[in-house]
Amino acid sequence: MVTIDLKELTKRFGEVVACDHIDLHINDGELFTLLGPSGCGKTTILRCVAGFYTPEEGQVFFGETDMTRVPPNNRNTGMVFQNYAIWPHMKVFDNVAFGLKIRKIPKDEIRKKVLDILELVRLGGMENRTPFQLSGGQQQRVALARALVIEPRVLLFDEPLSNLDAKLRVEMRHEIKRIQKEFGITTIYVTHDQEEALSISDRIAVMELGHIRQVDSPKDIYEEPQNLFVADFIGSCTFLHGTITSANGKKITIETSWGQQLHGRTTRNDLTFSKGEEAFAAIRPEDFRVREPKADFNKLSSTIESLVFTGRYYQVYADVGGTHPVKAELAADSEIKVKDKRDLFISYRDVIILKAEGDPFADRIRSLLEGKAEAD
Amino acid sequence: MASILSKEGFKLRFSGFSNRTRDWILSGRKFFHFEYYKELLHQFRSQMGVFSSIQLAAVILVFIFFMVLPLLAVIGSAFTANGVFSLIWFRIIFTDPRFWPVNGCTGVPIQIVGDYLYIRGVDCGAIINSIYVGLSTTLISTLIGVTLAFFMARYDFHGKSILRILILVPILSTPFVSAIAIQKIFGEFGMLNLLFYDILRILPFRVIFEGLAAVILVQSLHFFSLVYLSTYAAFLAIDPSLEEQGENMGAKGFGLFRKITLPLALPGIEAGAILTFILSVEDLGTLIVFESDPVVRRTITYQVYSLIFAPTGAINPIAPALSVILLLIAMIGFLLIRRYMSLRHYAMMSKGGTWNPRLNKPKWWQYIAIYGFIGVVLFFALLTPLGILFLAFSTEWGTTVIPVNFPTVINFFQVFTDPLVLQSIFNSLFYSTVAIILIVVLATGAAYIVARKNLPGIGGLDLLVTIPIALPGIVIAMGYFLFFVRIPLFASSILNPLITAMPLLILAFTIRKFPFTVRSTFAGLQQTNVEYEEAAENLGASRARVFAGIVIPLVAVSVLSGAMMSFVYCMSEVSVSLVLGGVNPSQAPLTWKMADILYQVAAGSHHAAVLGLLLMIIQIIIITIVNVVLKSRTESMVGL
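The listed protein sequences derive, respectively, from chains A and B.
Take the first sequence: its position 138, counting from 1, is numbered 296 in our numbering, and each next residue is one higher.
Take the second sequence: its position 269, counting from 1, is numbered 250 in our numbering, and each next residue is one higher.
Don't read these hints as lab results, they were simulated from the structure.
Even glycine gets a Cβ: it sits at the ideal position worked out from N, Cα and C.
A couple of the hints might just be wrong.
[Claimed, not checked] Reference excerpt, derived from the structure (chain B facing chain A, CB under 8 angstroms, subset only):
1. 56
2. 274
3. 512
4. 513
Just chain A, with the same shape it has in the complex:
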């Protein structure tokens, strides 16, 4: 078992910097997820760890050992690929046994290990099948078994569940987590699916444009977004643009251009907020209420612009006075219609105030709010 350290890791493709001076420490036995939109550099980092890419700058350490220039076949990592890469010309058994044969392990031992691991991934009795006879989920399990059986120092997952249907995806998520914990292998998991990342990981790094924007536990990533990108990417926040009117410790109030006061909190203890600064309030759709809470709430008068019933809730776009409607998920038993004038309530702790200054994502949010870019 081993820790992984990335130091100043930089990989360029021509003019494009895929990952830019990445520093990261991954704990022994941890399931660590790289999360971000496509093109953010998460797979690049994974492939640098696996050895398929050699970084232009920086180093990769497994424990104390510098692995940067070690070829992939000498790194003893087990990787599960997005499309599984189950060799079609080999049976399940031979697929799983491949790594063991290379390690020159005696035949009967190989047999035992392969059958044991197939049992573990719930593929017992399928060792003589060809890959064509397997479903997507079963191929996924073969890929997992093949990576695990060599007892790698590091497990690497590259969007392993993205080709599975929704139900199987949830099932395999638990399966991977169970097995990872059982073996206790240090694991890097790459995905663009935030729900998957939040539910599987010990810690998550949220990435954008080759940079890591935040590293935290799933709960903190969700509840304490440190910047506009993370707030936008995780849980599709609505942003309201304004100016800080008062800042008192963690409690901060902003006023929007149309005069709406919003009380909220900051997630950043390292920053000082002062009156007159430009800021954004980030609010998750599920935090809007139509019923008045007991105490400490903001009230926004709104007009319902559109509404879609999704089963569990109404998805609503409501005009609260700004240039852009807010997105809210309102309880399915709320009686609302389009064009209704309703008050929306949000408690103070659900309004996260983030500074515009120094945040590379501020321009994007601004243009989003000015209607220059399509919001989702």
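Guided by the hints, dock chain B onto chain A, whose structure is given.
Relative to chain A, chain B alone:
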């Protein structure tokens, strides 16, 4: 003032140039920096490893020694006289009416004498003759091939599956004997004149094809199938929705074809047409059959062939210069289709064709047009194999529709009891097999590197391994004589063709028929996910093990189908076989023996036809396996 070495200073200095030129000059500057080479070396090390480096070195070594250097030797001799630079040989060529029309062209292309209609073509000297024969063959082949391909790709009609197989028959490559068959069938008292002039009296004249017109006829009846195959593949690769969109906007019928279908298929048509041009210009077998006509001898390929005296390796000093002209003509053609021929482009093309192509039910008048056209084309195209059959199973065929004493198997007894013939068959099988082993070993490596390694200069490797399809064989043969006989280092080695022809014949086959396998393998690699290889590497497999255990099994079918086509074309290779085979008849391959029989034996054409039939059977078996068992695409058959 900005220093010239700084980027700004450099830009300033070149501000007079256009942006493109300036960028080009600036990008060229990197070649003067040590850092660039350090980076290059690093990239090379991290991507290639020992195994791929060995593969690359092997491919490059073989191609340098057996293609590039011999060609350079040809070019070198062409431009030197007594060891110094000279254009004397070109001056001689361009002032000699045998090569260049200094006194204009002579001859009457079409002439009616009594009840005879002669179709001959004119004589403009070897250079122009070769070019116009090539262009005429290309034009006729393209017209026939494209029309056929359109009917086959876009219409659904009764008997199509049978016709599709029959149309493939002319692709069979039977050097010499197909020309002889056509010579007999189109002869003064040949089958066609007897049928249509004497018996049915449909023709007002006895039609006689002579000289270069006869060459064009023979070549067109063979090469139209090549254009057909490449065009057919191009039509099938067109996304049907593009045509449907055109229809949706109101285009239909011929307008739709001209405005949408044809432009989309044009790259495929061009590639087939230009390859036809190259192969027509370098074709030697047909010229040899018609060599009794002095105008046929006045073609570049024939001239080069006749100016090499194989037994002693003596080469007339103007032959290299003529070769350079032939090479130039072929290279111009190749450069025109360069992008289409390269491996990287090929993969893009082959991704198409997964959808269901559009098929129309023809209307009654279209039925007439389709059956009429295909019927006429097939009638003429199938005359060739029919003629070969008649020749093989008879001993005399001159003035009757069906040969005298047909059928008899006496030729087979005579041919297959001749130990020299059996030796030549064995030689060809042996050389082709060894060449195929070499091709497979080298082509899998080359295709793998071009497909998987991202290094500067990969385009050069791509060029190196695909260019042989456009290199005239006679020029390569000449290069071997110039290089391996005259350079002292090789002169006493087994690579000297005057000592033994075998090694060079095998290597010539390897080089010349390399593109079929390398292209097919490359296409297979493109369709195989890289992650299969990465998964193996991740589990600890060395590069050699990944290659042998994962890559090769996964692309085996593609390699095999390409290799089989390479084998087919090795067996029927003419130019190098004739020249090198002439040195030592006991080592000569089958095609040399066929030419030898034509010259030496009284019933030569009938005996040669037996060997032609043998070649046909081998080719039919292999093409059937490739098509049916391996379900390979048509492209691999023509190397397009």
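These are the hints, each one checked on the structure:
1. 56: Not OK, violated: residue 56/B not within 8 angstroms of chain A, min 37 angstroms.
2. 274: 56 angstroms, violated
3. 512: 4 angstroms, holds
4. 513: Holds. Min distance 5 angstroms.
Checked against the numbered hints above, the structure violates hints 1, 2; every other hint is satisfied.
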